[in-house]
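The listed protein sequences derive, respectively, from chains A and B. FYI, our numbering numbers position 87 of the first sequence as 87, with every residue one higher than the one before it. FYI, our numbering numbers position 201 of the second sequence as 201, with every residue one higher than the one before it.
Rather than coming from a laboratory, the hints here were simulated on the basis of the structure. It cannot be assumed that every hint is accurate.
Footprint (simulated), chain A over chain B, 3 or more residues, beta carbon under 8 Å [unchecked claim]:
id : region
1  : 14 to 28
2  : 83 to 89
3  : 112 to 122
4  : 256 to 265
5  : 271 to 277
Cut-off 30 Å, straight-line C-alpha distance, at most; resulting in silico cross-link-like pairs (DSSO-like, lysine-lysine) [unchecked claim]:
id : chain 1 : residue 1 : chain 2 : residue 2
6  : B       : LYS89     : B       : LYS281
7  : A       : LYS327    : B       : LYS129
8  : A       : LYS223    : B       : LYS281
9  : B       : LYS170    : B       : LYS89
10 : B       : LYS89     : B       : LYS119
11 : B       : LYS188    : A       : LYS331
12 : B       : LYS89     : B       : LYS188
13 : B       : LYS119    : B       : LYS129
14 : A       : LYS193    : A       : LYS7
Ideal placement from N, C-alpha and C gives every residue a C-beta, glycine not left out.
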Amino acid sequence: MQIRTLKDALSFGDLPAVERIGFILFITFCFIFPWIIKGGFAQAVMIQFLIFCLYGLGWNLIGGYGGQVALGQAKNVGMSAYTVALLMVRWNIPFWVCTPLGVIVATIESFVLGYFLFRLRGHYFAIATIAVSLVWQQLFINWNFIGGARGIELPLRETPNFIYMQFDSPVYYHYFAFVLVMIAILYMNWFRKSRLGYQLRAITANEDVAESLGINAHWVKVKAYCITGIFAGMGGAFYTVYYSYIDPFSVMHLELSIMIALMTMIGGAGSMWGPIIGAMILIPLDRYLGAWLGGRGILGVDFMIYALMVMIISAYEPRGIWGIIEKARRKR
Amino acid sequence: MEMLLSTLVSALLMGMLFALVALGLAIIFGVMNIVNFAHGEFLMVGMYTAFLTATIFSIEPLLTLPIAAMVGFLLGIASYYMLVRYLLKGPMIAQLLGTFGLMIFLRYLAMCIFGPDYKTLEHGLLIGKSIMWGPVVLSYPRLGTAVLSMLGFGIIYWMMDYTRLGKALKATALDVEAAGYMGIDTEKMRGLAWGLGGATVGIAGALLINFYYVFPTIGILFCMIAFATVALGGFGSIKGAFIAGLIMGMIIDLGGTYLGPQYKFALIYLTFFLVVVIRPKGLFGW
Numbered sequence: 001m002q003i004r005t006l007k008d009a010l011s012f013g014d015l016p017a018v019e020r021i022g023f024i025l026f027i028t029f030c031f032i033f034p035w036i037i038k039g040g041f042a043q044a045v046m047i048q049f050l051i052f053c054l055y056g057l058g059w060n061l062i063g064g065y066g067g068q069v070a071l072g073q074a075k076n077v078g079m080s081a082y083t084v085a086l087l088m089v090r091w092n093i094p095f096w097v098c099t100p101l102g103v104i105v106a107t108i109e110s111f112v113l114g115y116f117l118f119r120l121r122g123h124y125f126a127i128a129t130i131a132v133s134l135v136w137q138q139l140f141i142n143w144n145f146i147g148g149a150r151g152i153e154l155p156l157r158e159t160p161n162f163i164y165m166q167f168d169s170p171v172y173y174h175y176f177a178f179v180l181v182m183i184a185i186l187y188m189n190w191f192r193k194s195r196l197g198y199q200l201r202a203i204t205a206n207e208d209v210a211e212s213l214g215i216n217a218h219w220v221k222v223k224a225y226c227i228t229g230i231f232a233g234m235g236g237a238f239y240t241v242y243y244s245y246i247d248p249f250s251v252m253h254l255e256l257s258i259m260i261a262l263m264t265m266i267g268g269a270g271s272m273w274g275p276i277i278g279a280m281i282l283i284p285l286d287r288y289l290g291a292w293l294g295g296r297g298i299l300g301v302d303f304m305i306y307a308l309m310v311m312i313i314s315a316y317e318p319r320g321i322w323g324i325i326e327k328a329r330r331k332r
Numbered sequence: 001m002e003m004l005l006s007t008l009v010s011a012l013l014m015g016m017l018f019a020l021v022a023l024g025l026a027i028i029f030g031v032m033n034i035v036n037f038a039h040g041e042f043l044m045v046g047m048y049t050a051f052l053t054a055t056i057f058s059i060e061p062l063l064t065l066p067i068a069a070m071v072g073f074l075l076g077i078a079s080y081y082m083l084v085r086y087l088l089k090g091p092m093i094a095q096l097l098g099t100f101g102l103m104i105f106l107r108y109l110a111m112c113i114f115g116p117d118y119k120t121l122e123h124g125l126l127i128g129k130s131i132m133w134g135p136v137v138l139s140y141p142r143l144g145t146a147v148l149s150m151l152g153f154g155i156i157y158w159m160m161d162y163t164r165l166g167k168a169l170k171a172t173a174l175d176v177e178a179a180g181y182m183g184i185d186t187e188k189m190r191g192l193a194w195g196l197g198g199a200t201v202g203i204a205g206a207l208l209i210n211f212y213y214v215f216p217t218i219g220i221l222f223c224m225i226a227f228a229t230v231a232l233g234g235f236g237s238i239k240g241a242f243i244a245g246l247i248m249g250m251i252i253d254l255g256g257t258y259l260g261p262q263y264k265f266a267l268i269y270l271t272f273f274l275v276v277v278i279r280p281k282g283l284f285g286w
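Start from the sequences and build out the full structure, keeping to the hints where you can.
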């Protein structure tokens with residue numbers, strides 16, 4: 001059973017050759033990136049890209065395969081980030097102990113919320129997730145124990161430290177993030193062939209029919225939502241040690257949730273590579289364009305460009321850029 | 001006691017404005033079963049329109065109402081014909097994220113044009129004046145806003161029930177196909193619903209600017225208030241929107257006074273959450 005699972009996760013045999021080559025190119029690129037490009041800004045953008053890949057791959061589970069517009073990914077990220085930061089600052093607990101705890105907190109939160117929220121469908125669900133994440137953000141801003149609006153800063157240690165994940169070069173963070181993304185990709189590869197994956201897609205296609213076939217739609221959705229929480233939690237824990245500073249505006253903000261959802265939607269929700277394509281387009285665009293325009297005092301143009309992209313995509317090709325690629329391939 | 005009375009009255013007056021904001025959302029949802037995430041941004045557009053016309057031409061802010069209504073109407077129509085029409089063909093997730101994209105677009109367009117600053121109007125017939133009525137302080141802007149909101153609400157309500165146009169809208173809401181067989185141009189009705197929704201919320205924005213500041217990200221706040229109101233009243237119900245608006249006004253103002261203003265908005269979200277979990281139909285939903 002275990003060996004079968006591992007085999008499913010590691011085998012990409014059922015994908016077309018083009019996709020396998022693309023995947024290998026992606027891995028190679030991520031692997032050699034810190035050696036060929038030395039610029040600090042470019043490396044920071046690359047790490048951002050990897051973090052967003054992780055968030056997007058997690059969100060794709062519920063938003064893409066599950067078809068549920070959950071706009072609250074940021075609160076899972078924030079839960080885990082805050083748990084990790086608090087434990088590390090107040091009790092000096094090593095990162096490797098905090099991270100599982102942070103992920104557990106994020107998962108429990110997703111479970112409890114998912115259990116109640118998945119009684120709702122469609123619009124109601126989407127709005128309720130926004131409402132919940134806004135409540136959390138307000139609470140975190142006003143809660144002084146965890147730093148309120150000022151946020152939490154991790155103490156700097158004198159020497160690079162593996163136990164507290166503090167390094168003097170971004171290369172280490174790059175590889176750590178890369179490993180997390182690889183785990184997420186392998187998990188998704190297993191997931192799309194798994195029982196849960198088929199059940200979730202059946203629910204997306206038609207919930208009533210899926211239920212009549214004996215699928216417990218509510219339970220399946222809650223499970224998928226928890227898994228989404230796990231990925232967001234891992235991303236949040238990484239975010240904390242990478243930036244060594246968090247506040248409610250960076251990890252709890254609705255804008256983060258929006259960004260994750262838009263990114264996945266543009267890349268192609270419900271496809272294996274969609275979130276990665278989305279992140280590949282949006283993150284460099286965001287950082288370089290944002291830096292360039294921000295330097296000239298022009299605000300908001302970057303977000304306007306995504307908004308236009310997402311409007312065009314959802315009006316003409318709801319399956320995103322990946323959908324366009326697949327259509328072109330089928331025509332040939 | 002006097003404070004409670006004052007708060008109650010001001011809450012009721014504010015509630016009437018919330019009802020007007022929610023009305024547009026209720027019409028759009030009722031006619032075509034789509035949630036307009038950009039609703040709060042329509043309000044923002046109305047507020048900026050009123051603000052700009054009033055300051056540039058230095059006219060009385062209340063006179064900007066028709067202009068804001070016009071702009072809101074055109075914005076609604078344009079969103080329908082350029083975006084929503086195509087979204088309706090797609091799956092649920094595309095419909096939701098499509099209007100969501102519109103929201104982000106309008107919000108950052110305003111950010112780009114006006115910058116992130118808070119802006120208020122300083123001169124006007126109502127602005128900054130109040131009257132004592134027994135122990136109760138009545139602020140003119142809120143009073144005027146409430147009266148005009150009621151008027152707007154009444155007009156829409158009358159139109160929906162007693163004119164051919166309103167009846168056609170209602171028929172489209174109840175059953176698109178059957179309405180089509182009866183010779184109603186349903187496509188036009190849907191566009192009109194968006195136009196009406198935009199116009200009402202544009203008016204609400206022009207009223208709100210009399211006592212509230214405007215900034216580009218104001219939309220999400222009022223959008224959530226409108227969602228909570230519409231959910232409480234029942235999606236698509238006009239009567240429900242009115243009563244729920246009054247209730248929301250009470251919750252926000254009483255909560256802000258007695259729990260502390262920082263929890264005011266958390267209360268709105270909590271109300272919404274409880275309503276959709278406990279009674280998803282709302283008070284008057286169908």
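A quick look at each hint next to the structure:
| no. | hint | result |
| --- | --- | --- |
| 1 | 14 to 28 | violated (count 0) |
| 2 | 83 to 89 | holds (count 3) |
| 3 | 112 to 122 | holds (count 3) |
| 4 | 256 to 265 | holds (count 3) |
| 5 | 271 to 277 | holds (count 4) |
| 6 | LYS89(B) x LYS281(B) | 25 Å, holds |
| 7 | LYS327(A) x LYS129(B) | 63 Å, violated |
| 8 | LYS223(A) x LYS281(B) | 26 Å, holds |
| 9 | LYS170(B) x LYS89(B) | 22 Å, holds |
| 10 | LYS89(B) x LYS119(B) | 40 Å, violated |
| 11 | LYS188(B) x LYS331(A) | 36 Å, violated |
| 12 | LYS89(B) x LYS188(B) | 17 Å, holds |
| 13 | LYS119(B) x LYS129(B) | 19 Å, holds |
| 14 | LYS193(A) x LYS7(A) | 11 Å, holds |
Against the hints set out earlier in the document, violations occur for numbers 1, 7, 10 and 11.
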